[in-house]
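S.K.: Listed below, chain by chain, are the residues.
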Amino acid sequence: MNFEYSPAPESIAIVDIKPEYNLFIGGKFVSSKGGKRFESINPANEEVLSHITQGTSADVDRAVKAATEAYKKIWSKMSGAERGKYLFRIARILQERAREFAVLESMDNGKPIRETRDTDIPLAAAHFFYHAGWADKLEYAGVGDKPKPHGVVGQIIPWNFPLLMLAWKVAPALATGNTVVLKPAETTSLTALLFAEVCQQAELPSGVVNIVTGDGKTGELIVNHPGVNKIAFTGSTEVGKLIARSVVGTKKALTLELGGKGANIIFEDAPIDETVEGVINGIYFNQGHVCCAGSRLLVQENIKEELLEKLKRRMSMIRVGDPLDKNTDLGAINSRAQLTKIRELADSGEAEGAQRWSPECSLPNKGFWFPPTFFTSVSQAHRIAREEIFGPVLSVITFRTPSEAIEKANNTPYGLSAGIWTDKGSRILWTAQRLKAGVVWANTFNKFDPASPFGGYKESGWGREGGRHGLAAYLRGEH
Amino acid sequence: MLAVDSNETSIRSFLRNLSPVDQVGAEARASMLSTRSIKTASKLWAIDTAISMIDLTTLEGADTPGKVISICAKAIRPDPTNLEVPHVGAVCVYNDMVKVARQFLDSSGGEQIPVAAVSTAFPSGRASIEVKQRDTEDAIANGATEIDMVIDRGAFLSGNLSKVLTEIVCIKEICGDRAHLKVILETGELVTYDNVRKASFLAMAAGADFIKTSTGKVQPAATPAVVLVMLEAVRDYYQLTGKKIGVKPAGGIRTTKDAIKQLVLVNETAGPEWLSPELFRIGASALLNDLLMQRMKMKSGQYSGRNYVSLD
Amino acid sequence: MRIDVKKTYKLFIGGEFPRSESGRSYEVYDAKGNFLANPALASRKDLRDAVVSSRGAAEKWEKTSAFNRSQILYRVAEVMQGRAEQFVSEIIAQEGLTKSQAKKQVEKAIDLWVWYSGWCDKIATIYGATNPVSGSFYNFTIPEPLGVVGVFAGGGDSLLDLVHGIAPVLAGGNVAITLANQNFPLSAITLSEVFATSDLPAGVVNVLTGKHSELASWVASHMDIDGIDGSGLDSQVYESVRLAGTDNLKRIKKFSSTQSPERILAFMESKTVWHPIGI
Chain A
1 MNFEYSPAPE SIAIVDIKPE YNLFIGGKFV SSKGGKRFES INPANEEVLS HITQGTSADV
61 DRAVKAATEA YKKIWSKMSG AERGKYLFRI ARILQERARE FAVLESMDNG KPIRETRDTD
121 IPLAAAHFFY HAGWADKLEY AGVGDKPKPH GVVGQIIPWN FPLLMLAWKV APALATGNTV
181 VLKPAETTSL TALLFAEVCQ QAELPSGVVN IVTGDGKTGE LIVNHPGVNK IAFTGSTEVG
241 KLIARSVVGT KKALTLELGG KGANIIFEDA PIDETVEGVI NGIYFNQGHV CCAGSRLLVQ
301 ENIKEELLEK LKRRMSMIRV GDPLDKNTDL GAINSRAQLT KIRELADSGE AEGAQRWSPE
361 CSLPNKGFWF PPTFFTSVSQ AHRIAREEIF GPVLSVITFR TPSEAIEKAN NTPYGLSAGI
421 WTDKGSRILW TAQRLKAGVV WANTFNKFDP ASPFGGYKES GWGREGGRHG LAAYLRGEH
Chain B
1 MLAVDSNETS IRSFLRNLSP VDQVGAEARA SMLSTRSIKT ASKLWAIDTA ISMIDLTTLE
61 GADTPGKVIS ICAKAIRPDP TNLEVPHVGA VCVYNDMVKV ARQFLDSSGG EQIPVAAVST
121 AFPSGRASIE VKQRDTEDAI ANGATEIDMV IDRGAFLSGN LSKVLTEIVC IKEICGDRAH
181 LKVILETGEL VTYDNVRKAS FLAMAAGADF IKTSTGKVQP AATPAVVLVM LEAVRDYYQL
241 TGKKIGVKPA GGIRTTKDAI KQLVLVNETA GPEWLSPELF RIGASALLND LLMQRMKMKS
301 GQYSGRNYVS LD
Chain C
1 MRIDVKKTYK LFIGGEFPRS ESGRSYEVYD AKGNFLANPA LASRKDLRDA VVSSRGAAEK
61 WEKTSAFNRS QILYRVAEVM QGRAEQFVSE IIAQEGLTKS QAKKQVEKAI DLWVWYSGWC
121 DKIATIYGAT NPVSGSFYNF TIPEPLGVVG VFAGGGDSLL DLVHGIAPVL AGGNVAITLA
181 NQNFPLSAIT LSEVFATSDL PAGVVNVLTG KHSELASWVA SHMDIDGIDG SGLDSQVYES
241 VRLAGTDNLK RIKKFSSTQS PERILAFMES KTVWHPIGI
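Chains as they are written, first to last, in the numbering used here: chain A, 1 to 479; chain B, 1 to 312; chain C, 1 to 279.
No lab work stands behind these hints, which were simulated from the structure alone. What you are looking at is a predicted structure, and each value in this text was computed from that prediction instead of being measured. Do not take every clue at face value.
[Stated by the list, open to error] Dumping the calculated DSBU-like pairs for lysine-lysine here, alpha-carbon to alpha-carbon at most 30 Å:
| hint | chain 1 | residue 1 | chain 2 | residue 2 |
| --- | --- | --- | --- | --- |
| 1 | A | 447 | C | 60 |
| 2 | A | 326 | A | 304 |
| 3 | C | 104 | A | 436 |
| 4 | A | 137 | C | 32 |
| 5 | C | 271 | A | 137 |
| 6 | A | 304 | B | 244 |
| 7 | A | 146 | C | 60 |
| 8 | B | 217 | A | 312 |
| 9 | C | 104 | A | 146 |
| 10 | B | 217 | A | 310 |
| 11 | C | 108 | B | 217 |
[What the hints assert, rightly or not] Not the full set, but computed from the structure, chain A residues with beta-carbon under 10 Å of chain C:
| hint | residue |
| --- | --- |
| 12 | 81 |
| 13 | 84 |
| 14 | 424 |
| 15 | 426 |
| 16 | 459 |
| 17 | 462 |
| 18 | 463 |
| 19 | 467 |
[Unchecked claim] Every beta carbon over 12 Å from chain C, so not counted as near; a handful from chain A, in silico:
| hint | residue |
| --- | --- |
| 20 | 47 |
| 21 | 49 |
| 22 | 80 |
| 23 | 87 |
| 24 | 131 |
| 25 | 359 |
| 26 | 364 |
| 27 | 469 |
| 28 | 471 |
For each residue, glycine too, the CB sits at the ideal point set by N, CA and C.
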């Protein structure tokens, strides 16, 4: 007696994707000065969704000018209470248009509609809500009585949570009185461009938010523009280092949110079923395209077999397929380039002697797909234990004692996140105390909240986003 | 079957070794499974499956032979205008109504529908073991082939686990091969998921054929997370012993949506082998009409109304 | 010529608008001496009913997440904005202000409500702490709601003073029993209509119109009220409230119209938790 779930597709009638998009500068959609357009495709079926503009040097210049004008003439003169009201409006409109954004995000990114509907979009709205309430109480942010914004902020965001990353950047920037030039990732520009419409509906003063689309070259132009006072970047550690180098010698403030190789530590007394969910959630949520993914499973050796059995059973229930189907758990890999990277690293795992396992699943013919996978017999020296794969691939490593777990967990240049699974409170705190990670989840994983600061130690970046700590990065004390 | 000594220390030690349950994590998993969207063909299958799993129940002080006959008729033919609709899984009544139910079912084409009786001083379980035994014997003598007993929650919560165990063993002995035994945990009174897991294992080790969430007289009853924990328990028990134990949620399952959520939980926890009335039942009364109305809508495309389904 | 349908002003308890169980009312006149309305004159039993309602609502409101509370409170501001004109005309009538002055007060009141709404999910971050104690212990202090707070609304600005009193109490996760200023019952009841039509759960704010001189001693001596904002009371009455309030050690405070998180913290408790850190 098999309970097959019939297809349950979310309708795409709610979105209205234009065949091509311009840039959003000075409150309007304007054409590029000399910029070409590139295709943006739906990674689930490789269909062309639209054509996006590659922002040029002249475009970036125009955007920075618009942001500077808006800052000087309007935004810096406006009271926090009034700025806050714009953010409340934006939050409300995101809630009103939530379904539209959810469908668009799923089509552009490849992630399941259930995730965009239940996680990405609500969290994005919450970020605006939370930060709206900060705008008129900055004297309590711990940056002095009369903290000042930086001015124009250049923000470069990744493709893994497009609208949410936009919210993480734009909300605190605006709340603190900065104006923004933001570049979405080139494979996922559509929700950022729809967000520009939200700014218009909220009657946000022109130039406060500017969206300049394009690839890494456009990003570089923003980073290097002399009119930008602060940079906020989320992306790979490799690019983060390049940006860090380019601001040397300038007065630009910089925050970075980079890669990770999070250790998910499982002690023998962990609540086993919830732990399995946590492992699954830690690495297969969002197709593993998560900087803070629990990509290394550090399991206490005496429960390894039991845990792997349960993990396999649970993994065989993961539904891989059409992101727009409401029952899909694992969607498409965001791009061909990323799929190639994942395959390369997974193959290296096998070449270096680790054992690969995936449940049987039928993958669609078109689009970019990778089944949920784990490797056992992994040592710390393996590439799949050291390098960020950014895909649904888990490396299983064992430990014998709590100290050994700590050593292995910390034995990485990254330091973004870690997970701890145990029934014992003191052990949670002992382990958390010793982990060199900016975010530690105990008996849960991948939980985000606008009030909770997020960011990494070591090569996972500089600074935090969210909470009072994140806000402070957008302010400077009196000089 | 799992051998557990019936002395207190050994039972405690057995239960302590069970894996703990994290409340937030369990509720999150149940909540995620509640988002499954079951449409079209799978929805129709789910509706008919749910109907065939219902233990159609009347357990009121005011029950009369007339009332019991009425639900028995509905149990045989839930929709008199449509003979495609399957009959329900069982009829569930108080002990002294079993004879009426059995006689009516047998004379009206409902021979294949078992009569389940609640027993052991249902719903509170507060009576001597002799009374509980007599309660069970009467029910079986009157024709019940399923016994839904309650555990002694007072004993469970005050640490008298061996009393809980021996009572179940005792009732199971009376049932023998004449009746299958469902053990009601009354999860609303056990409160924590750890207690639910422990009570589930205790009941299974003692010989339960089914573990059941609630009497339906206490809220909360069969919440998705509680049913999840019980399904995990039967799955784990099967892995340990090779024996499949059934699960019956009861109380609070009123709409088709609720019922489908239950089936999804079964499907993705214990597995598809549990998706039959042999291993999964739903204790309900009002649910049947909602399932019928949803079924009508699926067939006709129109939302139905109260006048198109019978009152029990 | 069209005759207006005049509004009646009753109490606001448990999300509904009952008359006083005593059947009493009192006359209110506008600034020019013209008759305005007969609002209910709350009795001791009305207060008793209000406290029962508040206590029930407090259990749920306390458990509502800070983020949800801030969203609900923000929605109250949205509905206030929608009723701005009604508030303006009532302020003009009650206080004799010009339209422009009345409008300014309404705008201030809405902005102040918004300011407090944004505090809900920030109070714990700023006023909680992890404490570096000796020994291998994790130690944190967290601010928590007090419970049921009686708010005596000030007699300066008919609408704004209500917001000064009620908003911080709610932001801290408490519920409020508002004792409207005797001269300004209209704003209090119209504000109640805002509460009733926004997402604020019934009982989180209850409003009684009547005489502070009567209500003060009843509120002060009620053993199931946890705190009192006595800003609207004259100093003699305030001192008698402080005395009577000692029977259950109520937290009793008075503020001049300050906009400050201190008004939120005044009605919060601090809980400190220890937990060992070890393998």
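S.K.: Indicate, hint by hint, whether the structure satisfies it.
M.R.: Against the structure, the hints come out as follows:
1. Restraint check: the Cα-Cα separation between residue 447 (chain A) and residue 60 (chain C) comes to about 24 Å, which is no more than 30 Å; the hinted pair holds.
2. Taking the CA atoms of residue 326 (chain A) and residue 304 (chain A), the gap is near 33 Å; set against the 30 Å cutoff, the hint is violated.
3. Only pairs whose Cα atoms come within 30 Å are accepted, and residue 104 (chain C) paired with residue 436 (chain A) is rejected, the gap being roughly 53 Å.
4. In summary, the hint linking residue 137 (chain A) to residue 32 (chain C) is not supported, as the alpha carbons are separated by about 40 Å, beyond the 30 Å threshold.
5. The straight-line distance between the Cα atoms of residue 271 (chain C) and residue 137 (chain A) is roughly 25 Å, inside the 30 Å bound, and the hint therefore holds.
6. Restraint check for residue 304 (chain A) and residue 244 (chain B): satisfied, since their Cα atoms lie roughly 26 Å apart, inside the 30 Å limit.
7. Note on residue 146 (chain A) and residue 60 (chain C): the hinted pairing is violated, with a Cα-Cα distance of about 38 Å set against a maximum of 30 Å.
8. Of the supplied pair hints, the one linking residue 217 (chain B) and residue 312 (chain A) is violated, its CA atoms being roughly 39 Å apart against a limit of 30 Å.
9. With a C-alpha separation of about 26 Å, the suggested pairing of residue 104 (chain C) with residue 146 (chain A) holds against the 30 Å cut-off.
10. Restraint check for residue 217 (chain B) and residue 310 (chain A): the C-alpha separation of about 36 Å exceeds 30 Å, so the hint is violated.
11. Pair hint residue 108 (chain C) plus residue 217 (chain B) does not hold up; C-alpha atoms about 52 Å apart against a cutoff of 30 Å.
12. Look at residue 81 (chain A): its Cβ gets to within about 5 Å of chain C, closer than 10 Å, so that hint holds up.
13. Annotation: interface hint on residue 84 (chain A) holds; nearest CB of chain C at approximately 7 Å, less than 10 Å.
14. A cut of 10 Å between beta carbons decides the hint on residue 424 (chain A): the least distance to chain C is about 9 Å, and the hint holds.
15. A cut of 10 Å between beta carbons decides the hint on residue 426 (chain A): the least distance to chain C is about 4 Å, and the hint holds.
16. With its C-beta approaching chain C no nearer than about 27 Å, residue 459 (chain A) sits outside the 10 Å limit, and its interface hint is violated.
17. Among the interface hints, the one on residue 462 (chain A) is violated; its C-beta lies about 21 Å from the nearest C-beta in chain C, farther than the 10 Å criterion.
18. Restraint check, residue 463 (chain A) versus chain C: the minimum CB separation of about 17 Å is more than 10 Å; hint violated.
19. A distance limit of 10 Å between C-beta atoms decides the matter here; for residue 467 (chain A) the minimum to chain C is near 6 Å, and the interface restraint holds.
20. The claim that residue 47 (chain A) lies off the interface holds: its Cβ sits roughly 38 Å from the closest Cβ of chain C, which is beyond the 12 Å cut-off.
21. At roughly 33 Å from the closest C-beta of chain C, the C-beta of residue 49 (chain A) stays outside 12 Å, upholding its exclusion from the interface.
22. Taking the minimum C-beta to C-beta distance to chain C, about 9 Å, the non-interface status of residue 80 (chain A) is violated against the 12 Å cut.
23. Chain C draws residue 87 (chain A) into its interface by the beta-carbon criterion, the shortest separation being 10 Å against a cut-off of 12 Å.
24. Once the 12 Å rule is applied to beta carbons, residue 131 (chain A) is inconsistent with being away from chain C; the minimum gap is 9 Å.
25. A cut-off of 12 Å between C-beta atoms confirms that residue 359 (chain A) is not in contact with chain C; the least separation is 35 Å.
26. Remark: the non-interface label on residue 364 (chain A) is consistent with the geometry, its nearest Cβ contact in chain C lying 38 Å away (cut-off 12 Å).
27. The non-interface label for residue 469 (chain A) is inconsistent with chain C: the shortest C-beta to C-beta separation is roughly 9 Å, within 12 Å.
28. Separation of residue 471 (chain A) from chain C is inadequate, the least Cβ-Cβ distance of about 10 Å not exceeding the 12 Å criterion.
Violated hints, in rising order: 2, 3, 4, 7, 8, 10, 11, 16, 17, 18, 22, 23, 24, 27 and 28; the structure is consistent with all others.
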